[in-house]
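Full structure from sequences and hints, please.
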Amino acid sequence: MASAEPVRLLIAAMGGEGGGVLAGWITNAAVASGLAVQRTSIPGVAQRTGATTYYLEIMREPGAARPVLALNPAPGRVDVLVATELLEAARMVQAGFVTPDRTLLLASTHRVFTIGEKTAMADGRLDPERLLAAAGRFAKKAVLADFAAVAEAAKSPLNAVLLGALAATEALPLPADALRAAIRADGKAVEANLRGFEAGLAASAAAPPLPGGEGAGVRGDGLSGEGEPPHPLASRVGLSPPGRGVAAASVSDIETPLDRLPPEAAALAREGVRRLADYQDEAYARLYLDRLARCAALTADALFLKELARHLAVRMSVEDTIRVAQLKLREARLARVRAEAKAGASDIVHVIEFLKPGPEEILGILPVGLARPLLAFVERRGWMHLAWPMKVRTTSLSGFLRLKLLASLRCIRPRSLRFAEEEAWIARWLGLAEQALAIDPAAAREVVETAGLVKGYGETYRRGHANWRLIVEAVVEPMLAGALPRKSFADAVLQARLAALADPEGERLAQVVDSIRRLADPPALAAE
Amino acid sequence: MSEVSFAKEIESLRLGAGETFHGEGILAVTKALLQSGVAYVGGYQGAPVSHLLDVLVQAEDLLSGLGIHLETCTNEAAAAAMLGASINYPVRGAVTWKSIVGTNVAADALSNLASAGVVGGALIVVGEDYGEGASVIQERTHAFALKSSLWLLDPRPELPTIVRMVEKGFELSEASSTPVMMELRIRACHVFGAFEAKDNLSAAHSSKNRFAEPAKFEYARLSHPPATFVQEADKVSRRLPAAHRFIVEHKLNDRLGPDEGEVGIVVQGGMFNALNGRLAEAGLSDAFGDVRLPTLVLNVTHPPVPEEIAGFCAGKRAVLIVEEGAPDFIEQAIGQILRKADLQTKLHGKDVLPMAGEYTPLVLARGLDAFLSLYGAAPEPLRAWIASVAAHQAALQKEFEAPLPPRPPSFCTGCPERPVFSAMKLLRQETGPVHVAADIGCHAFATFAPFSQGNSILGYGMSLASAAAVAGVQARRPISVMGDGGFWHNGLLTGVAGAVFNQGDGVLVIMNNGYSSATGVQDIPSSAREEHGRGSGLDIEKALRSLGVTWVRRVRTYGVAKVLATLKEAMTTPEKGLKVIVADGECQLARQRRIRPALARAAAAGERVVRTRFWIDPEVCTGDHSCIRLSGCPSLTVKPSEDPLRADPIAHVNNDCVGCGLCGEVSHAAQLCPSFAQIDVVQNPSRWDRFKARLTDWLLRRGAAAPAPMVPAE
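From first to last, the protein sequence lines are chains A and B. Note that this note's numbering numbers the first sequence so that position 377 is 377, with each residue one more than the last. Note that this note's numbering numbers the second sequence so that position 542 is 542, with each residue one more than the last.
Take these hints with a grain of salt, some might be off.
The calculated DSS-like cross-link candidates involving lysine-lysine, where the alpha carbons are at most 30 Å apart (straight line), are [as the list claims (entries may be wrong)]:
| # | chain 1 | residue 1 | chain 2 | residue 2 |
| --- | --- | --- | --- | --- |
| 1 | B | K147 | B | K398 |
| 2 | B | K251 | B | K208 |
| 3 | A | K404 | B | K251 |
| 4 | B | K562 | A | K391 |
| 5 | B | K8 | A | K155 |
| 6 | B | K251 | B | K346 |
| 7 | B | K350 | B | K340 |
| 8 | B | K568 | A | K391 |
| 9 | B | K8 | A | K188 |
| 10 | B | K692 | A | K342 |
| 11 | B | K235 | B | K208 |
| 12 | B | K398 | A | K140 |
| 13 | B | K316 | B | K346 |
| 14 | A | K391 | B | K692 |
Listing some non-contacts, in silico: residues in chain B with all C-beta distances to chain A over 10 Å [to be verified]:
| # | residue |
| --- | --- |
| 15 | L70 |
| 16 | V119 |
| 17 | E171 |
| 18 | E174 |
| 19 | L347 |
| 20 | T566 |
| 21 | R613 |
| 22 | A670 |
Please keep in mind that the hints were generated in silico from the structure rather than gathered at the bench. Please read these numbers as outputs of a predicted model, since none were measured by experiment. Ideal Cβ placement from N, Cα and C applies to all residues, glycine included.
Following this line, the structure appears as structure tokens:
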């Protein structure tokens, strides 16, 4: 009687990923093996790059009678679930298609981020650990591994790798050879697909399925972000982390005050010193440490000092025109570009930078006394929106020299308008943080975190600045002045910061600031 | 030129008697048409029936051998009107389209066709795009069958039945002088299965054996009064009884399970497999469809045969009607039959099953359980399954506190339409919100994040017409977006001619990507003439000017700054009348399919090939993702920052990038940030390339901190 039940297989994929081809290979292998099989899908325009599924039912044994196979998967009645990506695996689990009594879950654990995750103004990514735990928990058996990395290493499509991995589980009534034959019979990119099949087979066979439930495990390194190669690129192309160009001796020379910081803050501060010595010079790095030391004298709050060390270093190394030129001339950059673009050994690679400096970027380099009147003039003439779109080929002599010239302006940076403006901002921000420390350490931490709102270039930078000013003037300063109830100081700043990151139009921030302002007028009853 | 090559599928269309056909449902329909001796085939593309035409377009040899005339119609009305050939001539013909939208467009011709009636079998294959995966409104084709007196087939979703219904459909059509529709749901169109093939048939009269003379003038064949009064009566007095007789004599409906029983089920053919799955779960059937309840499977859902229905229901306490979608047409019809036959069999359907929405396994199981429980036959195994699903859902709810983020469809990597919406988003930032009349086609993806624009969708090619009154009550000019597919399908007359005629003052953006891309990259009248294509290179701009549109601008879609400037001009120009922007950019799917193999061949042959892609400088990107909010390209994504001092992920271009250039254009148009760089990889560089590169390397090395060489040391 067991043979009367088909094996039911559900494939979750994204439009254009080859899920249909994968389902086709399995179907054709079943037909060739004399097994009754039915496959269906819901492709079409509605799934272009979106989430979609393919459903198959395969009889376990050959037979004369024609089965009546279902067109829709039923929850709790799926024997094998293949997902090409972690979120899609979790989506199928959430839909009830993965159950502990029967489902083998085979999923690649890499992430392809959704548009919502990508457009967030800060970090909108889902917690991969939670997705992974959820994916494994409800399966009878789970094979969870980064098959995208396997595919990348094998230079093969992901669907072929998953077919190999599926063959290794022996969950289908189809031997590996039948599946190999299906790839061959298809006649398209046979070599690459077979290579992927074998790689998937080996990756999956090397580690038999783990039982599901609590603590369902992951193969190998498990998680990797979208677009991240399986092997750290850095070691392959000799890439050094940003700013490693500074001589070690000079850094250690100014590191002594780091000892006074808690370990995590000290680690970040060490990075900060390295970055700022590269950005400007040792004296500038020392200024950074002095500022940290002054705050460290006021508090031992490890979290506060850690975030201060982080944000202060980033804010002090603001990406002005000089910095951008400097970064674009990094020695290791082209090697990295070559590797990421998968350039062959004999290929020539050109890099063309898209730059569009406006009056603020260009005049910001000039000394304050010169830049201010010029900017005022430009503003009076209504030219502030003008900008010069340019494409600079850094792999050509002229492009290289132009950026080199810009980068060499580092020596005059401390006298530049942009530098002066940034210093003024930092002083104001540090001042607010120090004042907040005296009232509520939690609030001080939140004040420090607001620095994360100010980032980017052009319009993004101006919007970040405007949001920050609004939060300072409507929340932080009234709190410090006692005009708003201080017990909600930390929470108010946190809510305002999150609201500023909710939408670029500033609608949410306006609402939150409005409700915080109303805290100043408590209801009449409470006042009595 | 279609999305894929159908060489293998075409081979399976040539199969003859004694061979087994393997393939998808819609291809089986195509094969069945050939086995039925059709003289002509036509239609308009749309999921899930596009492949019927796509395959035939590539099967020219096969068709000419059989003398079949193929027409890729400009819209569904044209396809329906094409069936007019069967009014006067004893030739079989079939047309296809996506329903309900296509049937709506075809309605005028369908009414007239149905009134006149046919002498040659006429079959309309409609993709019933309903439920999961559907991309249109949820309405039933059944309503059209009722109002126009067309017969409606809804075969069991397995190839032998589908094929038999196509063949019998033609006979039914001829026996009752009535056009027949066959509805296939999405999953039925794409279901893979097998059937025993027959030889293809040449029609008695076709392009190979033409009628020497046209049909005689016969006023009665015109749908024109007074003939229509006679036709109206003929529909019910002659055609309907003839259809009833044919359905019963040829056993088009399946009578399954035992003859006798307390209760029985009447089910739409298309829903049978889903029902069988739940009956098997209840222990009332098995994987081979051996149902243990009396079951009447309606492969013909209209017309119901009163004797057949009454005969099935007689002697039963109750019947359950399994009928997906609203309204409950079949249930109403059966109720009337029972009442007139004075049968006291209790009628259930939408009381235990939901009135609207897709009948998924769980929905069906709940309805079946409720029905059987009323008659003391509660199916314990089915109940246990429903309970286990509920328990599992409760456990899931604890694990997943919130729904997972959706993954809606989107523009492909490098899509030429995306830049236009980037420009429209930038326009919105400058001028404030603008009313956008959206349309059907890939460009409707702009209604999703990150563009989130579009105030209405009224139908294919209808955007401009739908903005006509809006323009009269808005301070700013509304923008209508239309694809080139929609333009030829309907927009040219309904929209453009209407706007010129009424001196409209709106803005129309026409996405000229060269194909009807959303339905699978089919040729349209303005597609370029190519060896294997059906495009005839009609010029949209000329068509516009000939209608009297004076303000026409052509822009290359990828030039975002230019598109933005042109949009601004269209919005603000004092010139009255319709402003049309033709946005040119070939469908990237089609383009990549053409150039990728060519480039690979060239590179392999040692020719100089320049491959372009974009790249984001990870040290310069600060992680605000403004670029993604203006683009949404699948290959523009995020990755963790390598900078220990930065917590937010940074933007990143993955290797799917096709180098369309939008990233650079957006960063220029919006003055975004200096992180974007274009990477040109020169494969098989020429001597001149190498010489230049070496010279530059040498010169750069003379300066300090020179970058790594473009040509690695050997």
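We went through each hint and held it up to the structure:
1. Restraint check for K147 (chain B) and K398 (chain B): the C-alpha separation of about 49 Å exceeds 30 Å, so the hint is violated.
2. This hinted pair does not check out: K251 (chain B) and K208 (chain B) have alpha carbons roughly 34 Å apart, beyond 30 Å.
3. For the given pair, K404 (chain A) sits about 85 Å from K251 (chain B) by alpha-carbon distance, which is inconsistent with the 30 Å threshold.
4. The straight-line distance between the Cα atoms of K562 (chain B) and K391 (chain A) is roughly 17 Å, inside the 30 Å bound, and the hint therefore holds.
5. A distance of roughly 27 Å separates the Cα atoms of K8 (chain B) and K155 (chain A); the hinted pair therefore holds under the 30 Å criterion.
6. With a C-alpha separation of about 25 Å, the suggested pair K251 (chain B) and K346 (chain B) falls inside the 30 Å cut-off, and the hint holds.
7. Among the hinted pairs, K350 (chain B) with K340 (chain B) is consistent with the structure: their alpha-carbon atoms are about 21 Å apart, no more than 30 Å.
8. With a CA separation close to 25 Å, the supplied pair K568 (chain B) and K391 (chain A) stays within the 30 Å bound.
9. A C-alpha spacing of about 12 Å is found between K8 (chain B) and K188 (chain A), which places the hinted pair at or below 30 Å, so the restraint holds.
10. A threshold of 30 Å between alpha carbons decides the hint, and for K692 (chain B) with K342 (chain A) the separation of about 22 Å falls inside it, so the pair holds.
11. Only pairs whose Cα atoms come within 30 Å are accepted, and K235 (chain B) paired with K208 (chain B) is rejected, the gap being roughly 33 Å.
12. This hinted pair checks out: K398 (chain B) and K140 (chain A) have alpha carbons roughly 19 Å apart, not beyond 30 Å.
13. A hinted pair counts as satisfied when its Cα atoms are at most 30 Å apart, and K316 (chain B) with K346 (chain B) qualifies at roughly 8 Å.
14. For the proposed pair K391 (chain A) and K692 (chain B), the alpha carbon gap of about 19 Å is at most 30 Å, so the pair holds.
15. Non-interface status of L70 (chain B) relative to chain A is upheld: no Cβ of that chain comes within 10 Å, the nearest being about 23 Å off.
16. Remark: the non-interface label on V119 (chain B) is consistent with the geometry, its nearest Cβ contact in chain A lying 36 Å away (cut-off 10 Å).
17. The beta carbon of E171 (chain B) sits about 24 Å from the closest Cβ of chain A, which is more than 10 Å, so the claim that it is off the interface holds.
18. With a least CB separation of 30 Å from chain A, E174 (chain B) remains clear of the 10 Å interface cut-off, as annotated.
19. Look at L347 (chain B): its CB is around 26 Å from the nearest CB on chain A, clear of 10 Å, so calling it non-interface holds up.
20. Non-interface status of T566 (chain B) relative to chain A is upheld: no Cβ of that chain comes within 10 Å, the nearest being about 17 Å off.
21. At the 10 Å boundary, the C-beta of R613 (chain B) falls inside the reach of chain A, the nearest C-beta of that chain being 6 Å off.
22. With a least CB separation of 7 Å from chain A, A670 (chain B) falls inside the 10 Å interface cut-off, contrary to its annotation.
Checked against the numbered hints above, the structure breaks hints 1, 2, 3, 11, 21, 22 and satisfies the rest.
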